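Can you build the whole structure from these sequences, using the hints too?
2 protein chains.
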Amino acid sequence: MKKIINRASDFVEESIEGLVKSHPDVYSFAPDNKRVIIRTEKSSNKVGLVTGGGSGHLPVFTGYVGKGLLDACAIGSVFASPSVEQITSGIRNANNGNGVLCILGNYGGDVMNFEMACEIASSEGIKTKTVIVADDIASASSEEKLKRRGIAGMIFVFKVAGSVAETGASLEKTFEVASLVNSNIRTLGIALSPCILPEAGKPTFDIKEDEIEIGMGIHGEPGIKREKLRDADQIIDDLCKRILDDFKLNANDQISIMINSLGATPLEELYIASRRVNENLSKLKVKITKSYVGRYATSMEMAGMSITVFKLNDELKKYLLSSSECPFWNN
Amino acid sequence: MKKIINRASDFVEESIEGLVKSHPDVYSFAPDNKRVIIRTEKSSNKVGLVTGGGSGHLPVFTGYVGKGLLDACAIGSVFASPSVEQITSGIRNANNGNGVLCILGNYGGDVMNFEMACEIASSEGIKTKTVIVADDIASASSEEKLKRRGIAGMIFVFKVAGSVAETGASLEKTFEVASLVNSNIRTLGIALSPCILPEAGKPTFDIKEDEIEIGMGIHGEPGIKREKLRDADQIIDDLCKRILDDFKLNANDQISIMINSLGATPLEELYIASRRVNENLSKLKVKITKSYVGRYATSMEMAGMSITVFKLNDELKKYLLSSSECPFWNN
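These protein sequence lines are chains C and F, in that order.
Residue numbering for the first sequence follows our numbering, beginning at 2 and increasing consecutively.
Residue numbering for the second sequence follows our numbering, beginning at 2 and increasing consecutively.
Any given hint could turn out to be false.
Using 25 Å as the maximum straight-line C-alpha spacing, the simulated PhoX-like pairs for lysine-lysine come out as follows [stated by the list, open to error]: (1) C/291 to F/35; (2) F/291 to C/68; (3) C/229 to F/3; (4) C/22 to F/288; (5) C/284 to F/288.
In short, the hints are calculated from the structure, not lab data.
Here the structure is a predicted model, which means the values were calculated and not measured.
Listed below in structure tokens is the structure:
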């Protein structure tokens, strides 16, 4: 295992500590929990936004704490859910008396622990609502959309909900807009190579040197299909077709696109992919408001990428493009 | 070779095309040359800033074209210099009658081709000046500083020079400030694994599973020393010591830091490194104005990272923190 780390058991703590030391104006430790990150400049009169999940996906989840984005994040171990205690601390710290919206990916442990934390918060008089992001079309059919996992599309939910909350909107309004984003995103990706969990010290899965897997999850969950590596254009055409089969787009629809690297896949390859995604979508005469190309939701050094399509309306577009302060989001 | 590409010979063209299609508001093709990228919103009354170099280092070089940054970039093939013709096109396109500052890394082919392009430009009445960035302390001793290669520190030169030019400063003033940045940056890195050039199809160098190389260049140029992989803290302490031996810092000096991934090395590891860099520097009681942690100058999917220290004064700090518009720079 070739990583720039100290003891594998310190991997999460040390990387969070580095995040806080590197960007002290953005991120701080919660006063009561070292596995909870809050905004350094706490807001005082808005709905609080909380997320949480396993480590190993930076910038997801912690990176998206910041003005115009999230208020607190509960941080689990690598690829493991944060505890109920950590999530509850996140909710308490994010709460200003206007209620808290929890936004999380659709993973069993996360969902269960957030549910329990929300119950505790409720018993303390904190009103909460929850949006469970489910954008990965490979993980369940459209009939069972609620079973889908949350992947890179989650960042669009963070960003838009963050902008809505910043306007002073109510918990109900923030929940409503965040839920609309959740139903307007579709993501599909491919994996080329595994990552190595620091404490396990070995690859999360095996894949042959000439193979890719379509729809593999960011923790190595099985995808739709394993196949031979083909030309980028063929792969992208296939991914686009599958997304568009699931999500009908019409001429003049406004969309935003995210081309996300799972880690090792470099920008050059992402742009080769983005070029083809743009060609495919322009045939539909949709209007692409803005493309985001880079590392937004990763699995450490895993190679692979995903395409997210986010269907906008004028309101969502305004929120998407409004300002925020975070090292990982470029307005 | 496991890459998301089409024909290897189309790698550069297709990735540039993707960049332009993904961010049409920022990047455009020069009207006269498909290997030159210019700002979409051309400026009309400032010194033009031009860079250029080989492909395979995104966001370097092309990514840093944008408002408050560069005006044009000449794009070579992977790890190869752009041609004199391409660079000359970049200079012509960046020129508004106020002269052009060329900023490039200290690589033989780049230096020679920029020199010839500047001569052609001069014969056409375009005044140019050139800053050759030389921040890599592993590539030559401090006595032979002018022989050093340019690596991640280059981005600080782009950013500050870009801000200066945006104020309407003269070519002389922009050159003077950019030169000061160049003398105030020091970078040192390590390589963990090679990248694969698309057309060659094989790794750029061999390195054992338990080895790292200190000071290896971003094209695989030999470094100072090959050694066993150690704990992150030991590696970082060694890199910091070598940088500080070369570059004396005193209490209350203002600095900015860049912790740069060569590609595959994930943010988690960069933050473990950044944590230790911050600890080492805080012992000196220097003031860290801002840390940049991410992929700024890469070698595609190469694993490894570098530390850049940039010594500021009040003027440089102001320019560093002023606004710019580019998908790869967060103000």
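Consistency of the hints with the structure:
| no. | hint | result |
| --- | --- | --- |
| 1 | C/291 to F/35 | 23 Å, holds |
| 2 | F/291 to C/68 | 17 Å, holds |
| 3 | C/229 to F/3 | 11 Å, holds |
| 4 | C/22 to F/288 | 13 Å, holds |
| 5 | C/284 to F/288 | 53 Å, violated |
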